[in-house]
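Chains as they are written, first to last, in our numbering: chain U, 51 to 353; chain Y, 51 to 353.
Among the hints, a few may not be true.
Because identical chains cannot be distinguished in the list, a pair is counted as satisfied if it fits within a single copy or across any two copies.
Heads up, simulated DSS-like pairs for lysine-lysine below, C-alpha to C-alpha not over 30 angstroms straight-line [stated by the list, open to error]:
no. : residue 1 : residue 2
1   : K68       : K144
2   : K144      : K282
3   : K163      : K69
4   : K163      : K144
5   : K337      : K281
6   : K68       : K163
7   : K163      : K337
8   : K337      : K144
9   : K322      : K211
10  : K69       : K211
11  : K281      : K68
12  : K68       : K211
13  : K281      : K144
14  : K282      : K322
Simulated from the structure, these hints should not be mistaken for laboratory data.
Below, each chain spelled out in residue letters.
Number of protein chains: 2
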Amino acid sequence: MAQSIFRGVLVPALTPFKKNLEPDTDAFLTHCQWLLQQGAAGLAVFGTTSEGNSLVAEERMNLLEALIAGDISPARLMPGTGTCALPETVRLTKHAVSRGCAGVLMLPPFYYKAVNDNALFASYSEVIQRVGHSDLRIYLYHIPPVAQVPISLTLIGRLLKHYPDVVVGLKDSSGDWNHTEAVLREYPTLATFCGSEIFLLDTLRHGGSGSITATANVNTKNICAVFEHWKKPNVDQRQAQITAVRRILEGYAPIPALKSIVAEFYESPEWKTTRPPLNALSTEEEKSLMGALGRFGFSMANQ
Amino acid sequence: MAQSIFRGVLVPALTPFKKNLEPDTDAFLTHCQWLLQQGAAGLAVFGTTSEGNSLVAEERMNLLEALIAGDISPARLMPGTGTCALPETVRLTKHAVSRGCAGVLMLPPFYYKAVNDNALFASYSEVIQRVGHSDLRIYLYHIPPVAQVPISLTLIGRLLKHYPDVVVGLKDSSGDWNHTEAVLREYPTLATFCGSEIFLLDTLRHGGSGSITATANVNTKNICAVFEHWKKPNVDQRQAQITAVRRILEGYAPIPALKSIVAEFYESPEWKTTRPPLNALSTEEEKSLMGALGRFGFSMANQ
């Protein structure tokens with residue numbers, strides 16, 4: 051079955067852990083269902099915000115199975131499958147495709163730094179050939195601040211030329227609007243998503259497809275509303291709201307901060323648990339964050 | 051059985067791949083045996099030079115089993131076991147300890163950057179507690195140019211205080227002698243290894259234990275000779291030779307360059323195979339490297 055291309059707001063869903071640091075499958079399913087009910091176009095599970103690289107392959111596959119068993123359509127799923135080791139990337143990608151996922155979000159292998167475009171082209175190429183499935187749809191994951199291995203404009207061009215039916219999109223988490231704009235200008239057929247909703251309107255106005263953003267774990271409806279109303283006159287005001295919430299969050303360690311907000315929403319302190327090497331906000335940081343959000347008038351419950 | 055602490059020259063043994071990119075177990079065993087015959091004190095398999103993070107857990111464990119089945123004593127083995135995902139690090143470490151390996155070389159989790167010492171302490175702490183074996187000996191792997199997640203002096207101190215019988219050593223691949231000197235000064239009981247043989251004599255003269263160095267895959271005997279003769283009058287001349295060979299190699303992508311040299315030595319072009327995202331030297335680069343080594347008079351076969 052041909053896969054349709056994602057458009058709109060996708061959420062790199064947070065992964066809840068129990069106190070023993072095992073993934074909490076039930077809480078994960080509940081949160082993913084809530085995100086879709088709020089209007090998310092899809093779920094980019096196992097991304098950076100999801101602590102995806104802190105999970106082993108079996109954990110990612112089990113969680114994916116649990117979402118599908120919980121009646122989340124794989125047409126809404128874009129799991130992260132890019133790892134340091136080619137066989138693991140192939141395994142996770144094959145699994146996602148076999149379960150009907152509409153796409154995968156693929157990091158380049160990120161252990162070695164300063165690798166060249168030939169090497170990264172070879173990496174993606176090997177994965178595509180080894181997966182060998184006509185339903186495979188790859189969204190490239192450009193996140194140089196974390197992966198430290200960028201996906202250059204030249205590399206995008208080579209991949210699009212060789213695999214035009216497979217490489218269909220990109221998440222740009224560079225945090226650099228000039229870079230996003232260059233991608234949108236040079237590759238207008240690519241489904242490009244900004245990694246921060248601060249650039250959502252700009253992305254859409256330049257022909258982009260939407261945003262895949264951490265903050266959509268908590269400010270879901272408001273971010274989705276910017277996408278829905280992006281051609282309407284009052285949209286800049288909506289953009290200002292989501293930008294302001296993002297700016298508040300940027301004052302804190304992003305994943306622990308989001309987990310604190312979600313923990314309060316579900317009234318489940320266990321939701322604050324992170325896997326090492328991340329650690330939860332301190333009580334002071336949490337108080338400061340909640341205070342700032344309260345003064346701004348943000349609430350996850352009332353959007 | 052109490053593990054003895056490593057001292058001398060350890061080799062992060064290169065991992066050979068077949069043309070289909072599977073590890074070549076036989077060629078790996080042959081090379082590891084050769085390295086020990088040349089005088090290496092041990093093998094730090096699955097390090098950076100070994101493309102360790104390009105291997106999945108099963109591949110690392112199978113290769114380790116093959117070495118032991120091939121009569122390499124686990125007392126000579128220090129496999130790399132640090133990954134991004136806590137359960138994988140625990141699994142690999144448990145396996146290594148259960149097979150009697152005298153130590154493990156443990157990277158910090160390296161996907162997230164700018165994590166703090168508390169988080170890294172929690173990471174190592176969880177691994178140590180979950181492995182829960184009195185034979186566990188950890189050598190911390192500080193390689194900020196690649197991992198981008200340093201192991202600070204403060205973190206070393208905390209780990210030594212809490213786990214004095216477990217955290218016994220460190221490989222310093224910072225490339226910064228001032229840092230190595232600071233570690234040696236502050237933690238004289240730690241078995242500290244420089245990551246480049248350029249600092250071998252300096253490391254030994256400041257109370258360090260030796261070197262764990264990529265170049266020992268090819269210049270094994272000469273590097274071991276500096277360790278053996280380090281108190282003798284002619285040793286600076288020996289150090290000059292190994293430094294010069296290292297300097298030549300530093301002009302090329304290190305892992306592919308070493309694989310080219312080893313491929314020539316074993317008369318096996320397949321040895322040049324790397325896993326993406328690394329790629330082999332071009333014919334021109336290889337010619338240039340071999341020319342430079344030849345002019346210097348270096349040969350892997352005649353040391």
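Can you tell me if K163 and K69 fall within 30 angstroms by alpha carbon in one copy, between copies, both or neither?
between (34 angstroms within a copy, 24 angstroms between copies)
How do K281 and K144 come out at 30 angstroms by Cα distance, when the copy is not named: within, between, both, or neither?
neither (38 angstroms within a copy, 57 angstroms between copies)
First find the shortest C-alpha distance between K281 and K68 inside one copy, then the shortest across copies, and answer within, between, both or neither for a cut-off of 30 angstroms.
neither (43 angstroms within a copy, 55 angstroms between copies)
What label fits K68 with K163 when the C-alpha limit is 30 angstroms: within, between, both, or neither?
Intra 34 angstroms, inter 24 angstroms, cutoff 30 angstroms: inter-copy only.
Using 30 angstroms as the alpha carbon limit, work out where K163 and K337 are close: within a copy, between copies, both or neither.
between (38 angstroms within a copy, 25 angstroms between copies)
Is it within, between, both or neither when you check K144 against K282 at 30 angstroms Cα-Cα?
neither (41 angstroms within a copy, 59 angstroms between copies)
Within a copy, between copies, both or neither: which one fits K337 and K144 at a CA-CA cutoff of 30 angstroms?
Intra 43 angstroms, inter 40 angstroms, cutoff 30 angstroms: neither.
Reference check for the pair K322 and K211, CA-CA at most 30 angstroms: within, between, both, or neither?
Result: close only across copies, 28 angstroms inter versus 44 angstroms intra.
Between copies, within a copy, both or neither: which fits K68 and K211 at Cα up to 30 angstroms?
between (45 angstroms within a copy, 29 angstroms between copies)
Up to 30 angstroms CA-CA - K211 versus K69, copy category
between (47 angstroms within a copy, 26 angstroms between copies)
Measure nothing new, just compare the shortest in-copy and cross-copy C-alpha distances for K337 and K281 to 30 angstroms and report within, between, both or neither.
So K337 and K281 fail the 30 angstroms test inside a copy (37 angstroms) and across (60 angstroms) alike.
With 30 angstroms as the alpha-carbon cut-off, assign the pair K282 and K322 to within, between, both or neither.
The answer is neither: 37 angstroms in one copy and 59 angstroms across copies each exceed 30 angstroms.
When the structure is compared with the earlier hints, violations turn up for hints 2, 5, 8, 11, 13 and 14 and for no others.
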